[in-house]
Structures are given as C-alpha cells and as structure tokens.
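Chains A and B, in that order, give the protein sequences. First residue of the first sequence? That's 1 in this note's numbering, and the numbers climb one at a time after it. First residue of the second sequence? That's 1 in this note's numbering, and the numbers climb one at a time after it.
In short, the hints are calculated from the structure, not lab data. Any given hint could turn out to be false.
Copies of one chain are not kept apart here, so a pair can be met inside one copy or by any two copies together.
[Stated by the list, open to error] Lysine to aspartate or glutamate pairs mimicking DMTMM-like chemistry, simulated, CA-CA at most 25 angstroms apart:
{"hint": "1", "residue 1": "K229", "residue 2": "E84"}
{"hint": "2", "residue 1": "K212", "residue 2": "E224"}
{"hint": "3", "residue 1": "K48", "residue 2": "D249"}
{"hint": "4", "residue 1": "K87", "residue 2": "D264"}
{"hint": "5", "residue 1": "K48", "residue 2": "D264"}
{"hint": "6", "residue 1": "K190", "residue 2": "D166"}
Each chain, written out:
Number of protein chains: 2
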Amino acid sequence: MSDTSPIGVFDSGIGGLTVLKEIRHLLPQESLIYLGDTARVPYGAKSKETIVRYSLNNTRLLLGLGVKMVVVACNTASAYALDELEKITDKPVIGVVEGGVVAAGRETKGKVGVIGTEATIRSGSYCNAIRNRFHGVEVISKPCPLFVSLVEEGWTDNGVASAVADEYLAELRGKVDTLVLGCTHYPLLKGVIGKTLGENVKLIDSAKETAKIVAKRLGDLKIENNSGKEGSLRFMVTDSPERSVRIGDRILGEKMISSAELVDII
Amino acid sequence: MSDTSPIGVFDSGIGGLTVLKEIRHLLPQESLIYLGDTARVPYGAKSKETIVRYSLNNTRLLLGLGVKMVVVACNTASAYALDELEKITDKPVIGVVEGGVVAAGRETKGKVGVIGTEATIRSGSYCNAIRNRFHGVEVISKPCPLFVSLVEEGWTDNGVASAVADEYLAELRGKVDTLVLGCTHYPLLKGVIGKTLGENVKLIDSAKETAKIVAKRLGDLKIENNSGKEGSLRFMVTDSPERSVRIGDRILGEKMISSAELVDII
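Just need the whole structure built from these sequences, with the hints factored in.
Put into structure tokens, the structure is as follows:
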C-alpha cells in the first residue's frame, strides 16, 4: 500500500512552517501542500466564530486539491475549529494542541505553564486537555500576543524581546517546571523565554510531537507514501507571496521554499 | 440646506476611533457610522491589492447605509485605496494622509519624519505628498509595525514601549524637527515617542486635521447637518464586538460607545 496524495497543512499565516519543517524532516517522502491565510492573519485575537469560518475555508481549499490528511498547523485554529473541520471530511484532521499536551504530560513534574495567543488561551483547550489526561498536574496559562509580532519583526534576541518576555512571564517564574509554547511562532523565542524562566524549565514545542502524530496516523490508516522518492512541496498564501517567502525563510532558518502561489479564498 | 444623512467612517480595526472622536468633538451635530473591519485587521502588513479589496468592501457597506461622505480613518487604506474608492461613488471620500501632510508642512522647519505601518511607508504616500507640496522639505520615513500591537496590549507607557520606541526611532533622532504619526494607533504613544525623540520635535496627529478637512468639505458641498440636535453614533465591526468596545474605550480614553453591531462583509 502506498498513497502518494499530498498532506495539506494550513496556518493563519507563516508560523505553521515550523510544523511543516518537522513533518518534512520526519517524513521526507510525503508530498506537502502548505496554505498560509496571510490575507486574514492573525487569527489569535479573533472570535471563535471567525476562526472556525476561516479554518473551514482553508480546509475546503486543501480538500479540493486532493489531500489525504489535513494538519492544522495553528494553535488558535486547532483550539477552536478541529471538531468543525472533522465534520466536513472523512480524511484525518490533526491539530497541534494534541502534540503539546502529550509532550507536556511526559515531561512535567507536576506544574505546567501554557502560553499562546489570546484566543488559544481563552479557549482553554490546552488546560482542559492536560488536566483531563494527566490527573494531579497543575496548569497555569498566560496569553502573550506580542510574541508573534516580535517574531515577524525578526526581534527574537534583542532588548525588546527580553523586555516583552519579562513583562509576560514574570508571573510564571518559579511556578512551572514545563512550559508549552502554544503558538507556532514561539519556538523562535526559545532563547529569550529560556533565559527569562531559567534553564530548569522545559520548553515544549508541539511541532516535533505533531510530526510524530502525523507519522503514526499515516501508518495506522495505511496511507503512507512508500514510493521511496522525495515528496513535492507546494506553498500557497492568500496574500503577499514574496513577503511570505521572506518571512518563511526567517522562520524555517533554511531555504525550503522557492516561491509562493497566490490563491483566493472567500 | 441641511443634510441629516450620516458620515461613514471606516478603519481596519479600532484605531480609527481616534479620528471619529475628533470629528465628533468638532461636529457634534453630525450623525456618524463607524465600521471597524476587525475580522481582517490589521491591514498594515498586507499587499496593495488586498488593502484595496477590503477598503472597497467597507466603502460599499457604508454607501449602502446612505452615508453622505466616507472618511477612511486608516492610514494604510488611505495610502493605497483612496483613488479606487473615489471611482465607485460620487460622494466625497476623505483619507487621513491629507491632514497629516497639511499639518506637517505648516509645522516643520524643513525636516519631516514619517512613521507608519509597513504598507503605509512602502506606499510612499506621505513622502511623495510632502515633497510635492512643500518644496525643499526633506522627508525620511520608518515603518514601526510593533507600535500597533503595543497600543492594543495597552502597553503605552512601560519599559517595553520605551525599548520599542528606542529601537525604531534611534535613526530619526536629531534628524527631524517634525514627526507625522502616520497610523491612527500612534497618538496613544505620543508620550513615549516624545521622550525618545526629545521635546523639540513636533508630533503630528492627523486625526484633528482630518476633522477640520471633513468640516470644510461638508461646508463647501453644503451638506452639513444644521438640525441643531446632537447626531447619532452607530458602531459596527466585522468580528468580536465586545472586545472591540473594550479596546475602543481604551483608545478613546472616554466612554463614547455603548455597544457594537456585528456585520458580515465578504
């Protein structure tokens, strides 16, 4: 059995490339289509209804391209829209929250912090899932909306990044042993977050764990691509293709994308 | 002659309330409809095509409500979309760039700085208009995208605000005598911007000047509301009405809005 159909990956913008990268490294034979909804980015301060609507638009576009699986590489969309997306397709739909929850439960000694966008934290997805799955684990959460802007500006290691991290994370200091980076942009701030909270705090980046879940799910469903050839990579955005490639390179830390197609979503 | 039709004011989000407020204070008898496109905010990092498309959507919605004038209370939309908006209506369309340009030309001794979103600065609208209108005036510009996030977070006077202002404005220090705050959010950062550049630099907030232009245009066209009664105020957003009212209060510094209607724009 070999299924050469691509895997669809979407995000509100470009941050989800951190997830695409891990899938690519773990499963180089799979073809991938990435969709960044850059015309409507960011989702993190929007309402549940709007986040669900946009996520449905993105998923329909990917399904129309014949993907065998949809990966929601955006914490905000994963937190609010996963159930609704599963209703419109029989293909597997995988979010990034699950990976973060699994890894946090494995790593923690009992006190987990979760940071994310306003909408992700408001949804309670991480907190509820960790508490339900790992009894006795304490969870505290904190929205850190400015972290996304820092990454997009390329300010991941300057005085501003330290000042913002101090402002947001002071209340978590000494109170958590593990911190879930509940937004695809945040892994780029690992350095400054680590410095602010101290090196004893484990930082959980759900991208790697999500790639493992994708691999397992492909195996369970027997829809892996076993062709032995390197899969293709297609990169689509709803606005600003050139800017997206430029910021994408910064986020990936390597040249994975040669160009972006502009697509229209209504 | 008295025209009791409302004036329509739109912005990508809530920042344009700084313009609404000045119009309200100068022309209390005029009825106002404010539309904030909070489902697609921000416009400042998007392409010209997308900014024009969204601005057309907003303008059509306001025209459908019978407004006698459209005020584009968003620098990014004013910079890119004004010509396109004028094509679809014979009602006057007024942007915020003109007010900033007029005020900068009046105040400067010859060296003007302009700050704004990535898109506003990229458009060159301010620089070109100032140079064309005021010969011999030097203009330098600098995009300051993080300023919007600071205001929306309510961080207008803390260590982060100072660090961000330092990072962006260092290159303007000593080189300008006048600075145009080319984004409706920026007037809320006047304190920290003033401290960073020094008190000799005049800060131009186009909201007040735009209100004066609105008043003059209403007079020229003889479409003022002379009823003598206080005009009505209607507040519409495309997403998150409650959050919008909350941030709106912060931006206005007074309680002007009681509630927001949710409208759908495609």
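For each hint, the structure was consulted:
In this assembly of identical chains, K229 and E84 lie within 25 angstroms of each other by CA distance neither inside one copy nor across copies; the values are 34 angstroms within and 49 angstroms between. In this assembly of identical chains, the alpha carbons of K212 and E224 lie at most 25 angstroms apart only when taken from the same copy (13 angstroms versus 65 angstroms across copies). Taking the shortest alpha-carbon separations for K48 and D249, only the inter-copy value of 22 angstroms comes in at or below 25 angstroms, while the best intra-copy value is 30 angstroms. Taking the closest pair of Cα atoms, K87 and D264 come within 25 angstroms of each other both inside a single copy (23 angstroms) and across two copies (24 angstroms).
Taking the closest pair of Cα atoms, K48 and D264 come within 25 angstroms of each other both inside a single copy (22 angstroms) and across two copies (15 angstroms). In this assembly of identical chains, the alpha carbons of K190 and D166 lie at most 25 angstroms apart whether taken from the same copy (13 angstroms) or from different copies (24 angstroms).
Hint 1 alone, counting from the list given before, is not met by this structure.
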